[in-house]
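Chains as they are written, first to last, in the working numbering: chain G, 1 to 284; chain W, 1 to 267; chain C, 1 to 410.
There could be a bad hint or two in this list.
Residues from chain G that keep clear of chain C, each with C-beta distances beyond 10 Å, as calculated [what the hints assert, rightly or not]:
| no. | residue |
| --- | --- |
| 1 | 47 |
| 2 | 80 |
| 3 | 93 |
| 4 | 108 |
| 5 | 153 |
| 6 | 154 |
| 7 | 193 |
| 8 | 205 |
Below are the SDA-like pairs computed for lysine to any residue, each with C-alpha atoms no more than 20 Å apart in a straight line [unchecked claim]:
| no. | chain 1 | residue 1 | chain 2 | residue 2 |
| --- | --- | --- | --- | --- |
| 9 | C | 221 | C | 183 |
| 10 | C | 138 | G | 204 |
| 11 | G | 10 | W | 84 |
| 12 | C | 138 | G | 10 |
| 13 | G | 10 | W | 176 |
| 14 | G | 10 | W | 95 |
| 15 | G | 10 | W | 91 |
| 16 | G | 10 | W | 251 |
| 17 | G | 10 | W | 99 |
| 18 | C | 138 | G | 182 |
| 19 | G | 10 | W | 181 |
| 20 | C | 138 | C | 169 |
| 21 | C | 138 | G | 207 |
| 22 | C | 138 | C | 155 |
By construction, these hints were calculated from the structure, which means they are not laboratory data.
Values in this document were obtained by computation on a predicted structure and should not be read as measured data.
C-beta atoms are modelled at their ideal positions from N, C-alpha and C, and glycine is treated no differently.
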Amino acid sequence: MTGARSVLPKLAWHTANLGLPVIFVLAPILSFILISVWTLDHGHVIARFTLANYAAFLTDGGYVSVYGTTVLLSLEVTILNTALASAVALFIFRRAVRIRFLLLMIFVLPLFMSYIIKVYSIRGILGQRGLFNEGLLALGLIGQPIGALLFSRTAIFLTLAILYLPYAVLPIYLALDRIPANYPAASVDLGGRTRDELLHIVAPLAMPGIVVAAVFTFVLTFGDFVTPQMVGGTEGFTFGRIVFSQFGLALNWPLGSAFAVILLGTALMAVALAGLFLRKEHIR
Amino acid sequence: MSRRVGSLDIGLGIVTAAAFTGLYAPLVAVSALSFFQLVRLRGVMSFAPFSLEPYARLWVNDDILSALMTTCFVGAAATALALGLGLLFAFYFVTARRALGTLMQVLIFLPFLLPPIITGLALLIFFRQLGIERGILTIIVGHVVFIVPIIYRTVLVRLQLLGRSLTEASLDLGASQWQTLRLVVLPQLRPALIAGGLLAFSMSFDETLITLFLAGSDTTLPIRLWGMMRVGFVPEINALATLILVFAACVTLAVGLMQQRAGNRAL
Amino acid sequence: MPTMAGRAQRADDVARPGPAGSSPASLRPQGAPADAPNSGSERLLPLLHVENVTKRYGATTVLHDVDLRVADNEFLTILGPSGSGKTTILRIIGGFESIDRGRLMFDGRDLAHVPINRRPFNTVFQDYALFHHMSVRKNVGYGLRVRGTPRQDIARRVAEVLATVGLDEFGDRYPAQLSGGQRQRVALARAIVCEPRLILLDEPLAALDVNLRAQMQRFLKDLQRRLGIAFVFITHDQEEAIVLSDRIVVVRDGRVEQDGTPHEVYHRPRTSFVANFLGENNLIDGKVSGVDGGMVRVETPLGMFAGTASGPVSVGRPVLLAVRPEHIAAAPGGANEIAGTVTDIRFLGPTATLDVSPTTAPRLTIKLRQLGGAVAMAPGERVTVSWSPADTAVIAQGPTEPGRAGSAPP
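Throw the hints in and build the complete structure from the sequences for me.
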């Protein structure tokens, strides 16, 4: 589709296609990396190089521990969701072909729902006066509403798990879907039972999808800052929220940028780890 | 796959049912509440009879409606831009040298792979450096950056599937590059563009995290709702949530059916 | 030669995956002599009997009362056009499809409720179905592995079998790195290693190019002889069937047309379909005018001819005469003669074909095939062709046997 006859259109073509991503993706990322080493002086950002922001992360009260607990939280959600998503994807995969599509749609539909609405709905259920408690009370299973369901670490954990489960189901299912249809037949013909098929055929071939699901879940939950605020209450201080707050009232952009660089670094590390793992398994 | 339903399937089925409940119980509850409001009379919770009152109140709630308008406008604008850009980038990838194409592709996918918070604050800082004030335009740009990868990927997959033979045949018969594009390639890409466009619009509609960084005084729906939820409860929200749920279901179904039909039709 | 009892025991071992390597009978020592090919006369107990099997898919009947037997150590080919049901028969034997009516008897036992993974048969799939994420060694060892065979035994057996198929050095490669023919042999090795009683091959040579095919045909035939395991082979290629098989079962539209040795099926076809499907044939409609010992006299629009019947015929019976192009000479002398004009001559390399149009029926064509060298004729010349009654098959026509005069294209 090129075939430009003179140099100018060709130059414009390359410039547009490479220039736009560079301007709107690369430049912004570079700019916040840059700001992270500048200084905040009386509420204004000035171009003076400093590593104080990073130092603040390490020394100032609590930042490192919040980072640590957020990593832990994200790992917990990742482990739970990867396990759940694997079970769901496998369940769908083992059904008759015609039903598979419908089932997959059911689990993918929440991706198109508004994020805020989802958080709001979950909060509505978990609250002291929420439906979950009201239901249990009505059924007589508990005498008093369970307070710990909302505005607690558990609430953040549950909400994140529910919000990001569809993101994990899809890649695992897609990996399962790519297994050639005659492998199970060949396995059973050679004497394999369901157990053998799962262990030797399904699991190894689904592994790339599982790794992708895990990375997605970790990266997305680690950077989420709305959910902790909405369902976490005073417990809702995750690393993402700290980053965001530097751009809000605190108005300390250099510090926020430094934190963002750390967040970015964490995300990239997770991706790199996954990549390493995949390369060992991936034999084509 | 083995057809016998063994204990494995029962176990998986239970887990799947639990996951399903977790995903949908909140949404179903909210929808139910939009029709049957919860009222507290003298400390006792009960359900009011069926009523469409929340929907009626939604209809006159200007705050929400204007935010909805903004969101739709942003979505439409961002999708239109993204469609054009997605096409542009996809063509570039299939025609340019491998190294350049890959570089471009990596940059395009970055905002989609990284956590939205990074994309949001990166753009925020970038705009500030350039002296651009926050507003509708910046929101649109933020959304475009986020949804271009989706359209790009949908179009690229289809483009690669089509191969060169159709364009070569068209050129061989004497059509110009432009005519070939208009009469042969674009019609073939239509399903990919429609599916990608719908997907992109949905994601823009839903987008919260990036928007929170880039919105000025204008509010999109997610931000408005966020503000409302922090202050207190308003019954119209349940009605809105139900409507959005129905809308999302329709979009998912439409996209799903299109993908299926495209998959069944031999190329 | 292992006794029948020993064989039966081995079947049970394979049928019920037992503890690791417990049964010595399942690990045949190297160099054990394979059985001499079954001559076909000792049909005391067939190894496998597909007994009057009918199979339906919804409203369509795919197999009508199909009955065939497989003898021990036999190379059996099921031959037929696409849609004839041959693949269905194979899948029924393997256990991938159920039977609506009839039985599948193996060693005297009904296999109806035996699941796929417990049947002592292994399949070589049409596209090989090699596990791309496993090495050749792991692919071949899969069947042993799921049976709990100890690791050293697996290694040993796999090495043996890879040597048998000539892939000794390829153990650590992956399927993606192999050529089509090599993948074929891995699929075979994988099917052999568990020492099944029967190997099912689903058009395994279909994907190979012509030269490789011939090579693999020789290899398969030789392998079957060496192993002494019965092969059930499906193909639509009649030449392949003739080259490879001890016996051929010709099927069409879910019915068995004929069951016999390649020689029988080629020279003594019992139906016009078989006569046409294998090679080219000249078919002439006629009526029996007399029977004289083994010889049958048939009255046809082209004259009176004599032939050999492949079944009982009575005077007045409508029949079809079938004579192969290669048996007709372009000169008088045989007992059956037709006068006509040459209409076309084609040089095909090793052979040449002549089309002759009979004087009495100018619109028909008799096809001749000769060695390519000496064709001293030209189109338009008059010629008398002739052939021997011994080369003429007389096929009885039933109500379902529409015959036609002249030759039909293959």
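Verification of the hints:
Listed as a non-interface residue, residue 47 of chain G keeps its Cβ farther than 10 Å from every Cβ of chain C; the least gap is roughly 53 Å. Chain C leaves residue 80 of chain G outside its interface by the beta-carbon criterion, the shortest separation being 27 Å against a cut-off of 10 Å. Listed as outside the interface, residue 93 of chain G is consistent with that label: its C-beta sits roughly 17 Å from the nearest C-beta of chain C, beyond the 10 Å cut-off. Residue 108 of chain G, annotated as away from the interface, keeps every beta carbon of chain C farther than 10 Å; the closest lies near 27 Å.
Non-interface status of residue 153 of chain G relative to chain C is upheld: no Cβ of that chain comes within 10 Å, the nearest being about 40 Å off. Every Cβ of chain C is farther than 10 Å from the Cβ of residue 154 of chain G; the closest lies at roughly 40 Å, confirming the non-interface assignment. Not every CB of chain C lies more than 10 Å from the CB of residue 193 of chain G, the least distance being 6 Å, so the non-interface label is violated. Listed as a non-interface residue, residue 205 of chain G fails to keep its Cβ farther than 10 Å from every Cβ of chain C; the least gap is roughly 6 Å.
With a C-alpha separation of about 18 Å, the suggested pair residue 221 of chain C and residue 183 of chain C falls inside the 20 Å cut-off, and the hint holds. At roughly 13 Å between alpha-carbon atoms, residue 138 of chain C and residue 204 of chain G fall within 20 Å of each other, so this suggested pair holds. A distance of roughly 18 Å separates the Cα atoms of residue 10 of chain G and residue 84 of chain W; the hinted pair therefore holds under the 20 Å criterion. This hinted pair does not check out: residue 138 of chain C and residue 10 of chain G have alpha carbons roughly 52 Å apart, beyond 20 Å.
As the CA atoms of residue 10 of chain G and residue 176 of chain W are separated by approximately 17 Å, the hinted pair is consistent with the 20 Å bound. For the hint pairing residue 10 of chain G with residue 95 of chain W, the CA-to-CA distance comes to about 12 Å; that is within 20 Å, so the pair holds. Taking the CA atoms of residue 10 of chain G and residue 91 of chain W, the gap is near 13 Å; set against the 20 Å cutoff, the hint holds. In summary, the hint linking residue 10 of chain G to residue 251 of chain W is not supported, as the alpha carbons are separated by about 39 Å, beyond the 20 Å threshold.
Of the pairs offered as hints, the one joining residue 10 of chain G and residue 99 of chain W holds, with about 17 Å between alpha carbons and a cut-off of 20 Å not exceeded. Distance hint between residue 138 of chain C and residue 182 of chain G is fulfilled; the C-alpha atoms sit about 17 Å from each other, no more than 20 Å. About 17 Å separates the Cα atoms of residue 10 of chain G and residue 181 of chain W, which keeps this hinted pair within 20 Å; it holds. A distance of roughly 14 Å separates the Cα atoms of residue 138 of chain C and residue 169 of chain C; the hinted pair therefore holds under the 20 Å criterion.
A C-alpha spacing of about 18 Å is found between residue 138 of chain C and residue 207 of chain G, which places the hinted pair at or below 20 Å, so the restraint holds. For the suggested pair residue 138 of chain C and residue 155 of chain C, the alpha carbons sit about 9 Å apart, so the restraint of at most 20 Å is met.
Of the hints listed earlier, those the structure fails to meet are numbers 7, 8, 12, 16, in rising order.
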